[in-house]
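The listed protein sequences derive, respectively, from chains A and B. The opening residue of the first sequence carries number 0 in numbering that gives the first Met the number 0; numbering runs sequentially from there. The opening residue of the second sequence carries number 0 in numbering that gives the first Met the number 0; numbering runs sequentially from there.
Calculated directly from the structure, the hints in this document are not laboratory data. Please read all numbers here as calculations on a predicted model, not as lab measurements. Heads up, some of the hints might be wrong.
The list treats identical chains as one, so a pair stands whether inside a single copy or across any two.
Dumping the calculated DSSO-like pairs for lysine-lysine here, alpha-carbon to alpha-carbon at most 27 Å [as the list claims (entries may be wrong)]: (1) 126 to 223; (2) 129 to 165; (3) 126 to 172; (4) 165 to 377; (5) 128 to 172; (6) 128 to 20; (7) 129 to 172; (8) 20 to 126; (9) 172 to 20.
There are 2 protein chains.
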Amino acid sequence: MENFTFYAPTMFVFGDGEEQKTGELVRHFNGTKVLLVYGGGSVKKNGAYDAVTASLDAAGLAWEELSGVQANPRSGIVYKGIEQVREEGFDFLIALGGGSVIDTAKAIGFGACYDGDFWDFFTGRAKIKKTLPVGVVLTIAAAGSEGSDSCVITQERGNLKWGCPKTDLIRPKFAILDPRLTCTLPASQTANGAADIFAHICERYFSPTPDVALTDRLCEALMKTIVDAAPEALAHPDAYSPRADLMWAGMLAHNNSCGVGRVQDWASHQIEHELSAFYDCAHGAGLAVILPAWMEYVYPKDPMRFARFGTEVFGCEMDYARPERTAREGIRRLRVFFKSLGLPEKLQDIGGRLEDVPDMIEHRREKPNGFPFGGFMKFGPEEMEAVLRLSAE
Amino acid sequence: MENFTFYAPTMFVFGDGEEQKTGELVRHFNGTKVLLVYGGGSVKKNGAYDAVTASLDAAGLAWEELSGVQANPRSGIVYKGIEQVREEGFDFLIALGGGSVIDTAKAIGFGACYDGDFWDFFTGRAKIKKTLPVGVVLTIAAAGSEGSDSCVITQERGNLKWGCPKTDLIRPKFAILDPRLTCTLPASQTANGAADIFAHICERYFSPTPDVALTDRLCEALMKTIVDAAPEALAHPDAYSPRADLMWAGMLAHNNSCGVGRVQDWASHQIEHELSAFYDCAHGAGLAVILPAWMEYVYPKDPMRFARFGTEVFGCEMDYARPERTAREGIRRLRVFFKSLGLPEKLQDIGGRLEDVPDMIEHRREKPNGFPFGGFMKFGPEEMEAVLRLSAE
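So here's chain A without its partners, still in its complex pose:
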């Protein structure tokens, strides 16, 4: 186990109807004038918008709104939000939505406290020193951004999907997680979310660090729960319990409970970011394509770890004589699981084309620290290309 710091100071308020506490929580964290950031009409249909705004009113808070955040959030709306904050002097941001809305609010928060272009933080030209407090009302179980120290935005100039450097400053003050709000999600979004959560754990689970027994088991506990809950949530969209399991798993998968003391991988995420940038596919859908291909490529490096994955998560029978067989069976069952959720299987299923691979690699090269990446196995352009090719087979 390696030395580590674990810091997860966000207050999580979890359960049916808890979004009615939004105003009270803003007050608790000393907010007075709120910019409410959200996406489209879904929060109006499922009642979340009404509940949150009624709660802001009841707490006597001044508020205005910024709507129109899209999946794979773009720089345009961030610039717009920063403008709005500068003009109106908001001192608190509420993100009502999923990862895209939260990341947009985070970027508005630090962008508004900085005189230059907020993109400077992404290119490394400036360092985040101050930000506006963000509170979250989560409407989809997936990203983990509700408790995280990171934020990903696509810069429209150049189509660059980049993350800002991690900092505790941008962790939300509070996050309200009401599983009921996720019951009305389209099946595809529920499935994408499950794939995303699963991938967040895999990025931590597949580690070269020895002696991390406890976090290994925590990872397995989370993965088993997703394998159990996701099909239930799809079969019975209104059932509370599988939604609650997925939503809480989404938080724990990304607050680093499962990642402390170990080198993490994150290669699949890095490759997927290119898919989202090129094809505007949902993050979870892209991960469902890349993660099994990544596993297929890297498992020979440590077949025992993948055999353990197959045995502990998918109940494969351990082949003690040929553990690599169990390893492959685990990867196969992951594919079957993703497919059963209606997720895409191949690069082509999300509109991807092998002809674009060189461009994707070039794109990756433009990022600060573009290559190499990956903690379980170091990835250069060659490895990235190999995984993308495997994902199309």
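Got chain A; can you put chain B on it based on the hints?
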């Protein structure tokens, strides 16, 4: 699953040698004048005292010390510490030690910010509104007090071992966990700590709340880790890895990661508090006596849950036709496990006597909300007596 709030804002700094960051962390949390609270000579022998004081000096902090905290911490030293803070104007407390030292520092922290007797907070006569910040350098894996919102002190007037009402205000600002510092613990303390951690999970695991699949699995991940790591730590006292597993498990077992959304039990802890008060036994030793007796008494209420415990934690073969057999086998294996660590088995082993049972019950009655207690099964005086009698058989 029930609605819940999860808030664990303590910063955990974990690993070999990390106590050298104490001064830097006090500065980070705006401390300037430190009272260093500790127990006896062990922190001088294992180098922790030297490392911490050197680090306070290096950070340019003024500091003084208060030593002599004992196991099952008593009110006397709390009064002494409060006096010291009032005279010298300390603005930060460092607890260098285990649960007893941390709880003493917490009580000094809120006692010093209050004009009356600090015991008023325990009797319910006053409510904690302000406290001095506490930082922890942990030297034993067990109590979980390093991240918790609670604190237990024995009032010498009347020999009352009571907890103060829980409040986020008393959570430590930071906690440094260096597993290396626990390598020099006597075997008995390592074993007591393991029993205490195990019990902290059981108090949450045995719940009447349905649909808590994820936390059930997290609890099992932790319990399996303790069953694996504790014998290793005893067999190879200097090995880092089992010490690290135990220490991190101790934190997770008590920061409520494993307890959210469910009714918790805590009957074994309540009964054990009487054993500690009467016989001054170590908390973990008392729990090793009470927990299996409690299980034996309550398992018929939900044999399936105890069968799951036996199967998932101790690898029992599930008897699908007679799950209560698997339940009993799980409890038997817990006794074997505790015994293998050298822990006491019976009431008599910690100097307990059945003749004292009526007095213990009377003692319990004097507490605010003394009876009933227990979330898995409601305990009145009769149930408490039954478990104490079982613990002597």
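Evaluation of the provided hints:
For the identical chains of this complex, residue 126 and residue 223 are neighbours neither inside a copy (39 Å) nor across copies (43 Å), given an alpha-carbon limit of 27 Å. Taking the shortest Cα distances, residue 129 and residue 165 sit within 27 Å of each other inside one copy (13 Å), while across copies they are farther apart (32 Å). With identical chains, the CA atoms of residue 126 and residue 172 are at most 27 Å apart both within one copy (20 Å) and between copies (25 Å). For a Cα distance limit of 27 Å, the shortest separation of residue 165 from residue 377 inside one copy, 21 Å, qualifies, whereas the shortest one across copies, 47 Å, does not.
Taking the shortest Cα distances, residue 128 and residue 172 sit within 27 Å of each other both inside one copy (16 Å) and across copies (21 Å). Taking the shortest alpha-carbon separations for residue 128 and residue 20, only the inter-copy value of 22 Å comes in at or below 27 Å, while the best intra-copy value is 29 Å. Taking CA atoms no more than 27 Å apart as the test, residue 129 paired with residue 172 passes in both settings, with 14 Å inside one copy and 21 Å between copies. When the C-alpha separation of residue 20 and residue 126 is checked against a cutoff of 27 Å, the pair qualifies only between copies, where the shortest distance is 24 Å, while the shortest distance within a copy is 33 Å.
Taking identical chains as interchangeable, the C-alpha atoms of residue 172 and residue 20 lie at most 27 Å apart whether they share a chain (14 Å) or sit on different chains (26 Å).
When held up to the earlier numbered hints, the structure conflicts with hint 1 and nothing else.
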